[in-house]
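Colleague: These protein sequence lines are chains A and B, in that order. Residue 461 is where the first sequence ends in my numbering, and the numbering goes up by one at each step. Residue 461 is where the second sequence ends in my numbering, and the numbering goes up by one at each step.
If you are wondering where the hints come from, they were derived from the structure by calculation, not from laboratory data. Fair warning: there could be bad hints in the mix.
Same chains, same names: a pair is fine if it fits in one copy or spans any two.
What the hints assert, rightly or not - Using 20 Å as the maximum straight-line C-alpha spacing, the simulated EDC-like pairs for lysine to aspartate or glutamate come out as follows:
#1 K417 - D243
#2 K339 - D224
#3 K285 - D13
#4 K362 - D252
#5 K382 - D414
#6 K362 - E115
Protein chains: 2
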Amino acid sequence: MVWVKNREELLDNATSPLTRKAREAAINAVEAAINAVDPRRAVKSKVSLSGGTLRIGGLSFNLSSFKRIIVVGGGKASGSMAEAIEEILGSHIDGGAVVVPHGTKGNYKTRRVELHEAGHPVPDEDSVRGASKILELAEQAGEDDLVICLISGGGSSLMAMPRPGIPLADKQAMTNMLLKCGATINEINTVRKHLSMFKGGQLAKAAYPATLISLILSDVVGDPLEVIASGPTVPDPTTYRDAVAVLKNYDLWDEAPRSVRRVLRDGVSGKIRETPKPGEQAFKKVHNIIVGNNRVASLAAERELRRCGLNTLFLTSFMEGEAREVGIMLAALAREVKASGSPLSRPCGIVVGGETTVTVKGEGIGGRNQEIALSSALKIKGLDGVVIASFSTDGVDGPTDAAGAIVDGSTIDRSKDMGLNAVEYLTNNDSYSFFSRLGDLILTGPTGTNVNDVSVIVCL
Amino acid sequence: MVWVKNREELLDNATSPLTRKAREAAINAVEAAINAVDPRRAVKSKVSLSGGTLRIGGLSFNLSSFKRIIVVGGGKASGSMAEAIEEILGSHIDGGAVVVPHGTKGNYKTRRVELHEAGHPVPDEDSVRGASKILELAEQAGEDDLVICLISGGGSSLMAMPRPGIPLADKQAMTNMLLKCGATINEINTVRKHLSMFKGGQLAKAAYPATLISLILSDVVGDPLEVIASGPTVPDPTTYRDAVAVLKNYDLWDEAPRSVRRVLRDGVSGKIRETPKPGEQAFKKVHNIIVGNNRVASLAAERELRRCGLNTLFLTSFMEGEAREVGIMLAALAREVKASGSPLSRPCGIVVGGETTVTVKGEGIGGRNQEIALSSALKIKGLDGVVIASFSTDGVDGPTDAAGAIVDGSTIDRSKDMGLNAVEYLTNNDSYSFFSRLGDLILTGPTGTNVNDVSVIVCL
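The following block holds chain A by itself, in its conformation from the complex (with noise of 0.2 Å):
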């Protein structure tokens, strides 16, 4: 499937025979990259059925030896994972739901799985039915039932349920302070699990006694099971005391809800029981398999630059931290390989992967991947032949609806010549902005997947 819709004009806006080719190169990598981590590729690479026997990641199981087979989950790829189960098993599915963002369930067909929209980033009360569903029908499951959950990044946000005594609107001010102050992922869903009667473990305790195999695409970085989608079928090693102290390292606590602080309170005091802890009797029927994550995407950009004939090297998946000084690193290297042809002679390409974050300052509009590619911009201009992509593999890029930007060696001088002063864009976090006017940014539109981003450095 081809994704970059404005490719010609990307490729148009190379100053030179030379950055053309390397833009070409990023670009490829890009497609690569988002089509290795499909949902129905990744989906169909772990489940198989033949002969009655259905086959997940290394388990084997008969599939007589179930009385149903119920389909939950949700989350940004939940939708194609959704219609890959159903594309294996077909009738044997006996029914399900899985909740997938607004606006986007026209994009998917299922005939036994119900699909159901709610809110994302911030959940909203659509999430609470979902998650709602869901419970329902894993507290209907038998002991003789599978229940296959289809995880994917957004989760979190699309299966919601709050403690009683937590009005929705009051998680979802939580979950925006907590979005703004640059907490991590982590750090988010350990506040998040606290407050919920699904996350955490949860939802595996609602359907025990049955079988649960979770498919899971990772978005977070490393594939922490417990952190995926707040890990609703994941025992949960944080406690409310972990909860609080996010609040209060963030300097949350005292602006936090009062619904919120209650509750916390009440579970650190013992008075709410703890989300369920590693080795419970729940876990004992619990698989939870990876079908895909960043890894698998840069390698295939990895892959794809090799075969665009660049010599490669594939970093890390672990790239976390402050978006603008990823940028600075991955100019870095590209410097050094235009210096001395270090770490990789020429025609070379470099990946990195993982998700940055970006501590809004500025009032402007951008994303993680926009702010990388306009900060190293800045450390890359008048290197001929040097491009840099960076991007996120759902398509979405912060709050725009760009996939991400690509830069050059000429990106500033052309901005300058447009009397755009790329420190100041930098500076007010509107590097949407700045990338709009360049037509420099790439845009996939959704791509229905997500594990996280990928940044391609190529030097010719």
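Once you've looked at the hints, dock chain B against the given chain A.
Modeller: Relative to the frame of chain A, chain B by itself:
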């Protein structure tokens, strides 16, 4: 030469045999890096005298063609460079003056070149005396004389001569403000050159029509000649207008001393002449030669790791940006090695060079490299056999007596056992206190050289 004084303590702090071995490789790499950029070795690698022919870099001179040879310069490494030049040229040197930091003159023995001491990182009246003496020697040099200028990091501060009308205290205040606000060394020097009678090619102008050879030990990322020690022998591409832009960019214009604003305004309006620009007559007989830089140190560290039996990778000598973010990046590399064997399979070592910055927000004591180490420790928690060492090649990281620090997968647990909260120390920019308590500072004392910082990752 052996530099790390507390090697045994650093090894004994390991909590497993594997980590101890990793620490040993990292410490060996520290030693190798510093030794590789010993200023005497650097000078002697580029300068030789035989049979009356003086060879410097790619140039050859008949020694008898010069009436007099004068040695000038300044910087943290320039004392050793002067010793090396005296060892090569001996009695052919007619005199000279080189400025070194306060308290370091006793470290060097020179016969013909006078050593002066002055202030660093903030210039003082001795910096003015030193610069004045050097300008005097340069101006006295005639068409048939050779001026050898020994430039190294710190030269900007050690050789200072404010423009008339700017009290040194005002220039000091300005420098302090720039150092604190997170400005890059390029930006700081753009301002300093335009407040100076010495920097930005003005020493070369004074030496003209003598032959001028500048031997430069680079302490600036990417070795831009015009930036190192503020480029006293290099045409200045920056303008008064640029200097004003730096102050405005960091919101320092209104805070800047009145004398500084007056001179900059007079410069912009043309009342004061610009620093000498590329193409001017004064540079016809000037040769600027890099004798050592960060890449030389980083590659030596890499070689040493290879000698220890590790797979190795030298990534870049261009690392810049906020120290704590670079720490996250180094950890990301180690985590991928542990998770997937990319970019290298274990046992392996990765070397990254450059110079980061610290935006000071807390009240603690620390340095760039200690912050890198502390930040990375939080991200490699729990990984056995993973060590990250970050250090300044001059042995002085920030305003501390340590070169840097070393961390491993058990650092955070060790600190918890001692009642230390690593996140709080990092937030308070108090990395020195943290590592003092742990005994994990890298203590070398001043090394007499300076090619910025090197970080070493070892994964066994």
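Colleague: Next step is simple, just say for each hint if it's right about the structure.
Modeller: We went through each hint and held it up to the structure:
no.: 1; hint: K417 - D243; in the structure: between (48 Å within a copy, 15 Å between copies)
no.: 2; hint: K339 - D224; in the structure: between (34 Å within a copy, 14 Å between copies)
no.: 3; hint: K285 - D13; in the structure: neither (57 Å within a copy, 42 Å between copies)
no.: 4; hint: K362 - D252; in the structure: both (17 Å within a copy, 15 Å between copies)
no.: 5; hint: K382 - D414; in the structure: within (8 Å within a copy, 43 Å between copies)
no.: 6; hint: K362 - E115; in the structure: neither (41 Å within a copy, 51 Å between copies)
When each numbered hint is compared with the structure, violations occur for hints 3 and 6.
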